[in-house]
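Here the structure of chain A is known, so what remains is to put chain B in place on it, guided by the hints.
For the record, the sequence lines run as chains A and B. Residue numbering for the first sequence follows our numbering, beginning at 136 and increasing consecutively. Residue numbering for the second sequence follows our numbering, beginning at 136 and increasing consecutively.
For the record, the hints were derived by calculation from the structure and aren't laboratory data. Where hints are given, some of them may not hold.
Identical chains share a label here; the pair holds if one copy fits it or two copies do between them.
Cut-off 25 Å, straight-line C-alpha distance, at most; resulting in silico cross-link-like pairs (DSS-like, lysine-lysine) [to be verified]:
hint, residue 1, residue 2
1, 300, 350
2, 382, 393
3, 337, 383
4, 360, 340
Note that the structure is predicted; figures quoted are calculated from it, not measured.
2 protein chains.
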Amino acid sequence: MRSPNRMKDYGSMSKEPEDVRLSVIDERIKDVKNIIAVSSGKGGVGKSLVASALSLSLARRGYRVGLFDLDLTSPSTHIILNVGETQPIEDKGIVPPKIHGISYMSITYYSGDHPTPLRGQEFSNALIELMAITRWGDLDFLLIDMPPGISDATLDIIRFIKRAKFLIITTPSKLAFETVRKLIELLLDLHVEIIGIVENMKLKKSDFIKINMDKLGVRYLGEIKFDEDLEEALGDVDKFSETDFFKKIEEIAEEILKTLASGAQ
Amino acid sequence: MRSPNRMKDYGSMSKEPEDVRLSVIDERIKDVKNIIAVSSGKGGVGKSLVASALSLSLARRGYRVGLFDLDLTSPSTHIILNVGETQPIEDKGIVPPKIHGISYMSITYYSGDHPTPLRGQEFSNALIELMAITRWGDLDFLLIDMPPGISDATLDIIRFIKRAKFLIITTPSKLAFETVRKLIELLLDLHVEIIGIVENMKLKKSDFIKINMDKLGVRYLGEIKFDEDLEEALGDVDKFSETDFFKKIEEIAEEILKTLASGAQ
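Chain A on its own, in the form it takes in the complex (with noise of 0.2 Å):
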């Protein structure tokens, strides 16, 4: 099954030809030096957490850095980062606007705080519709925030975005595991770069997921202790940055910047 043609099994996204929408979402982003997916194989792990994080960590180090929410079924950045009343700026497509020196852009713009019930094409549309009209500009580092698994919203991603490396995220879970393994195994097959792994939740000392990272080949960034003290700290960007959990993320920036610096696996 591991032909280079098996992208093809996906099915067709689309009507419009993508080669057009293709050289429109590369012109966007020809400015941009790394891109990173953050993703995860199921929801509640903390990839919105991490990705926001990373994002501020980042930006403080003195990169450029743009945060694209694209977790349509759960968008949280805006609440982690209290994005508050921002707006994007129309100009030629849409400039995100600076939160916390971070350029930021969210499907929540659009949908507000109401319920999202696309249909496959629908969505597949408004998420190409987004990744089309961002103008990230110059940046370091574009982190997306993903859908959780392997969702037709991370299929056309992977396919529009295909500079895109992944960040993977976990917990110590055996259940999140299960669904990290078929993540990765997918992306293995489609000769996508996989950046590496971040534990995040851990509560007892276990080497399960890293003994299984290196089964697979992939590389384990570190591990975040389950952090009580994260709740209280959501919207409040000052007190999210004095988190255990915080720390950690820095720690793991590093790692991250070796990692990519020295080529992805």
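For chain B alone, coordinates are given in the frame of chain A:
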């Protein structure tokens, strides 16, 4: 927007005549007295754990119980219940095997351990196929482990299993609540019955979820403390039944039985 025709806005699901598929599925579940869709706004809140424990708990009270894992994005009940090498039997459709006294059916019997990157339409079709072929027979309760959030799959299940009443699982987190709120709004909009909400993984005293559910008119069925020992009980039903989590679910089962007896809202 609260028109009775709102469902139509969500688009056509398939080219096959809907009434034919509807009547096939209706026939399959005609001898099922109660259908409970165990649902959540986002993943990782313990939905599959609740669905599994509740199924076991009801079966032990002498009820005839079915568990239908339709969380195609991240199926977990087969791991929690350790279904092992069991298989459904083909007989004018598919007869679910009995696992720990529960009639059990999961997409994993067909997808195995492989990634299932189905596109929207294929996904819909796989789901509907599974609903249409499974012969549940006489049951007091059929619990459905739903895909998280508002997806095509959620909308398909609402459309095809009209008698399903929703049991909603959340955590105390603002991030979980944000997506749960959207799910509840959609269900109310579609006139789908909501049995109530369970607050899982509680760490600290907080009325945040309860207060907000009162506002939305959703019954608060109880809270479950974060249970560190749960992970080690996954796949071992005897151990699982001894956890604090399971014991709390037995109390919540009582609440659910009362609510169903008096009519859900």
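Check your understanding: Which of the numbered hints above does this structure break?
Key -> none
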